[in-house]
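In case you want the letters, here they are:
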Amino acid sequence: MSAFVAEALREADRRRPAAPELVPSTLPEAGVDELARAAAAGSTEAVARLYDALVDRIYRYTAIRVRRREDAEDITQLVFERIVTNLPRYRHGTRPFEAWAFRIARNAVIDHVRRHRPHESLDAAGEHGVGDGLDAITLRGEAIRELRSAITSLTPDQQEAIALRYAAGLSAEEAAQVMGRRAGTIRGLTFRAVASLRRSLADGDRSAP
Amino acid sequence: MNRAEHRIGLDDPMVELLKRAASDVRPDPLYRRRLRADTVNRHVALREGLIARPRPQREMGKLSRAVLYASLATALSVSAVGAAAQNAVPGDLLYPMKMQLEDIRLRIASPALRHDLLAQALDERLEEVEQLAQRGEWQRAAGAVEAVEAAEGRLSTDGTALGRLDADEMQQHVVVLTDLLADAPPSARNGLERALDAATFGPARGASQDPGSTSNGGHAGEEDPQ
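Residue numbers (numbering that gives the first Met the number 0), protein chains in the order written: chain A, 0 to 208; chain B, 0 to 225.
Just chain A, same shape as in the assembly (with noise of 0.2 Å):
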């Protein structure tokens, strides 16, 4: 390194204003749920951070329920805002804040499919799935763009199902909640969608050359 260079990086740590003093957490190892309980009380710090543990959940989510990057991005914006809005009337203790949440985002996707497609079914509107929403991400592998069309042939609940368990990282239990279901119908929708999986790439690898 020559002496003017190493002149010119002394100089601009001379410049460099000092870092802020880091103001220690009030909520050093809160929960989700304690967070949420903080953030409907008026703290700051507990909405920031309930974003923090939420956004690449619930973007994942909804990425992988709607079809493209832009939508995925309203939508998980409009997430938040209602949550924010909404967190008064947030009922602590009678269920997980991420399941609340998660209703939230998929309430969401439901407008978001309808508004786009006003003739068509909820149900049917489920069918916008996991297959659609990964068009809008780089996917590595063949077998990864394989699973990508067998999960479209998933029924919408199925696609639903696995979306809430593996995008989102919910439990069977929140994902029940969120879906309005009972946890043994969920995890029986997981079996049958991975089982299906599993036999679609099975039958792909025979038939390929």
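Some hints here could point you the wrong way.
Claimed, not checked - Covered stretches of chain B (in silico footprint by chain A; criterion: 3 or more residues with CB under 8 Å from a CB of chain A, positions within the stretch not fixed):
| hint | stretch |
| --- | --- |
| 1 | 23-36 |
| 2 | 168-179 |
Claimed, not checked - If you want the ones that stay clear, here's a sample from chain B, every Cβ over 12 Å from chain A, calculated:
| hint | residue |
| --- | --- |
| 3 | Asp11 |
| 4 | His42 |
| 5 | Asn86 |
| 6 | Gly90 |
| 7 | Leu93 |
| 8 | Tyr94 |
| 9 | Gln99 |
| 10 | Glu101 |
| 11 | Ile103 |
| 12 | Leu105 |
| 13 | Ala111 |
| 14 | Trp137 |
| 15 | Glu148 |
| 16 | Ala149 |
| 17 | Ala183 |
Because the hints were derived from the structure by calculation, they are not lab data.
Glycine included, each C-beta is placed from N, C-alpha and C at the ideal position.
With the hints as your guide, set chain B onto chain A.
Showing chain B alone in chain A's frame:
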């Protein structure tokens, strides 16, 4: 854990593949940062009263509606009974009076106010169903759904699009009703689903006539640019 869960454990190759496919889906970092700032700002604005929160149950809505009520109520709801009727729900003694007052308001209102009153009537009917359901009176709630559908039908034939605030209010009902639906006994589910259908009608209709209005938390104006 049941048998099905044992047979598709977390290490199942197919589950691994699904998770790998999903893990590729990530928001753009810039979008993510901007939305974080928007979310926090919105929270602060709501907390500080810079943005109006959706109205709590049993309170008046928009200022214009409050003015409308104040002027009409002076003429119509002069008695204590009339005032009490405003809080009646289906099955209450005073409920028929509440409906009559609404009907009179509708008859004497100018055409410019007619749509607001119809939208308000649908809002009221949905709130009645929600109130009854929240009190655990599921059968009465289910019975009140016919009035919801009638109000939605009148609004529909009126032919004017819902404004964005109306659409937002309908959206609040969708959130509350779907919440209630999860707790509803099987006998009340059909009724609540019908109420939900009536509530979801509003935003879609507002959206079709209000392009471009995606701000302010409203989703009513979102249109597919394609």
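Status of the hints after comparison with the structure:
1. Coverage of the stretch 23-36 of chain B by chain A holds [criterion: at least 3 residues with CB-CB distance below 8 Å; count 9].
2. Counting residues of the stretch 168-179 of chain B whose CB falls under 8 Å from any CB of chain A gives 7; the rule of at least 3 is met.
3. Non-interface status of aspartate 11/B relative to chain A is broken: a Cβ of that chain comes within 12 Å, the nearest being about 7 Å off.
4. For histidine 42/B, the non-interface assignment is contradicted: its Cβ lies about 4 Å from the closest Cβ of chain A, within the 12 Å cut-off.
5. Residue placement check: asparagine 86/B keeps its beta carbon more than 12 Å from all beta carbons of chain A (closest about 20 Å).
6. Here glycine 90/B stays apart from chain A, with its beta-carbon at least about 25 Å from theirs, past the 12 Å limit.
7. Every C-beta of chain A lies more than 12 Å from that of leucine 93/B, the closest at about 27 Å, which supports listing it as non-interface.
8. Chain A leaves tyrosine 94/B outside its interface by the beta-carbon criterion, the shortest separation being 25 Å against a cut-off of 12 Å.
9. The beta carbon of glutamine 99/B sits about 31 Å from the closest Cβ of chain A, which is more than 12 Å, so the claim that it is off the interface holds.
10. Consistency note on glutamate 101/B: stated as away from chain A, and its beta-carbon is indeed over 12 Å from all of that chain's, at 26 Å minimum.
11. Against the 12 Å criterion, isoleucine 103/B stays outside the reach of chain A, whose nearest CB is about 33 Å from its own CB.
12. The Cβ of leucine 105/B sits about 28 Å from the closest Cβ of chain A, beyond the 12 Å cut-off, so the non-interface label holds.
13. Under the 12 Å C-beta cut-off, the non-interface status given to alanine 111/B relative to chain A holds; the minimum distance is some 28 Å.
14. Against chain A, the non-interface label of tryptophan 137/B holds: every CB pair exceeds 12 Å, the least being about 15 Å.
15. In this structure glutamate 148/B is separated from chain A by more than 12 Å, as the shortest Cβ-Cβ distance comes to about 17 Å.
16. The beta carbon of alanine 149/B is kept farther than 12 Å from every beta carbon of chain A, the shortest such distance being approximately 22 Å.
17. Non-interface status of alanine 183/B relative to chain A is broken: a Cβ of that chain comes within 12 Å, the nearest being about 9 Å off.
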